[in-house]
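A.B. asks: Produce the complete structure using the sequences and hints provided.
In case it helps, UniProt numbering puts the first sequence at residues 1 to 626.
Since the hints were derived computationally from the structure, they do not count as laboratory data. The structure presented is a predicted model; accordingly, all values stated were derived computationally and were not measured. Using N, Cα and C, we set each Cβ at its ideal position, and we do this for glycine too. Take every hint as true, because none was put in to throw you off.
Calculated pairs, BS3-like style, for lysine-lysine (alpha carbon to alpha carbon, straight line, at most 27 Å):
| # | residue 1 | residue 2 |
| --- | --- | --- |
| 1 | K135 | K172 |
| 2 | K59 | K107 |
| 3 | K59 | K111 |
| 4 | K59 | K72 |
| 5 | K59 | K14 |
Estimated spans, in silico, between C-beta atoms of each pair:
| # | residue 1 | residue 2 | range |
| --- | --- | --- | --- |
| 6 | L279 | E548 | 50 to 56 Å |
| 7 | V37 | K420 | 46 to 52 Å |
| 8 | L499 | V146 | 57 to 63 Å |
| 9 | P454 | P492 | 20 to 26 Å |
| 10 | C243 | V146 | 43 to 49 Å |
| 11 | F481 | E110 | 54 to 60 Å |
| 12 | P492 | T536 | 24 to 30 Å |
| 13 | D50 | G233 | 51 to 57 Å |
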Amino acid sequence: MNYAHYLFDEITLKNSFLWNSMIRGYACNGFSWKSLVLYREMLSFGHKADNFTYPFVLKACGDLLVDEIGKKVHCEVVVSGYESDIYVGNCLLSMYSRFGDMEIARKLFEKMLIRDLTSWNTIISGYVKNQDPIKAVNVFNLMVRVGIRLDCTTLLSVLPACAKLEALKLGKELHGFIFRSNIGCFDNFVTNSLIDMYFNCRFIVGARQLFEKMTRRDTVTWNSMIVGYARSGDASKSLRFFCRMILEGGNPDQVTFIGALGACDQISAFQFGTSIHSLLVRKGFIEHMIVGTKLVDMYAKCGSLDYSYHVFDEMPEKNLVCWSAMVGGFGLHGRGREALAVFSKMKENGIKPDEVTFTTVLSACSHAGLVDDGRRIFDQMVKEYDVTPTLEHYSCMVDLLGRAGYLDEAYEFIKAMKIKPSFDVWAALLSACRAQRNVKLAEVAARNVFTLNPRHIGSYVLLSNIYATEKKWGEVENVRFIARQMGLKKQPGCSFIELDKVVHRFLVGDKTHSQSKEIYAKLEEVRQLLKKAGYTPDTSSVYYDVQEDVKEDMLWDHSERLAIAFALISTGPGMVIRISKNLRVCGDCHMVIKLISNLTSREIIMRDAYRFHHFSNGFCSCGDYW
DNA sequence: GTAGGGTTAG
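C.D. replies: So this is what it looks like as structure tokens:
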């Protein structure tokens, strides 16, 4: 562009063709401002803008998101009589959809005397980009009814809309259409989009079939598989595809690494995460901010705050999201003071926290029981930072107050909310009622919870456990009966442990592992050891009205114990044991793991559904507050 | 000489 501008300046008698070329050049090469400056200059030199000028000026306005200037140019378009030009008109649609103003875009679209394929495509993609997939599909249906032939671009907007709506039927119809009609798409775009759509609609088999049939897979194809499997909860498959991609000579990019790291944190695959880390360093992605942030997050979620902080510390540039990730990391591990310190340091560095940061900070306070700090920060958020509290903030506050013992204050807090309390808010109260053993308030919370989400099995389990703790067996059976009637099934406890980059999974009572015999033998050995050390089981975590010894047996096949027993027979003495589980740890397991850490001199790091526990020498980092 | 597109951190 520099040289073009130099030549342009040399020409004394410029015609509008030359002006247009320059404006287009700047607009299409990332210098939108210059293109607008040149447009003004062109007018001041007495040249008239025409149907070749406006498209690029409008594009520049759209790219810069300057809606006031954009509207002004629109006026000029109307005055000069070019609004009816199809190119100019389409660019207006595109500009307004970039501004997020689909109402104006739609009105213009309705008003157009001639609409071509691009007009339709622009409106459809506008709705998709502005989070309105329903309208996008409606316009698409209208387009088909009117008899407009769709093309690749149409599909690349409608398929993501199907994905968002989980509209599998329409998605499959489009797939069939693509298959039958020889629609000339020579790249992978449409197939990749289909794969993503199938994953989002949870039609994994369909996605897999498409992938296997492809002959020239590109980076996005692999990424869609890696991200798709991770998002559908099959992190192991996701990592297997990552390996396959590397082995088959795929070319990983930032998205690949971010996706694979996301799979690692789901199943606490710490060792796998470190290998991905070293690979991405070798490939030169460590300076990439999103990759760095994901590493900070992954290490924290895989139990290693040291690594997490190290990556964070080395990052050359940190934005709001990086800082928030680090705050969240400390919070997840119950290190509230450090979370607050990072939060302060972030502000000292001139970075203004947003609503997500505040959620993270409040959650950190909650995990660490920092009630006063939490109250103060919530107040500060509203008054100093002008952030309107969201449902997430309220949930955190209810959790913070409730679990710290201020149940009434938590309830008052809900009643004073300016927005309608969500399921999560009431669920936080219900959960706090269990910790505080308050049946009366629990019933209030439960009523609201069930109204807002009658199909959430966890809430039924929670309420029945609250009754069980108080030995109200009639009520326990009642709640369970309702859940059964609705066809809800309890989610089985499940723990993960990684050994030599292979993640092993244990369900409660699992006997399917190839070393199952040895695992149960080890478990029995530990059990005797603990008994000798004076351990008596805390059977209050068994929510069934059965004999004490049966209760004790029921505790001993909890999935985390199987995972730990497996670790004890498979790793050398002194090795750190890292496990993660899908539900929250029960009171007795928590105690048993503390004892195991002491008797076997092992550090055990466990992530449960809620937070991290670091066990060593008979103590847990959570200080029994969880 | 003209517009529209797939995967992506807290």
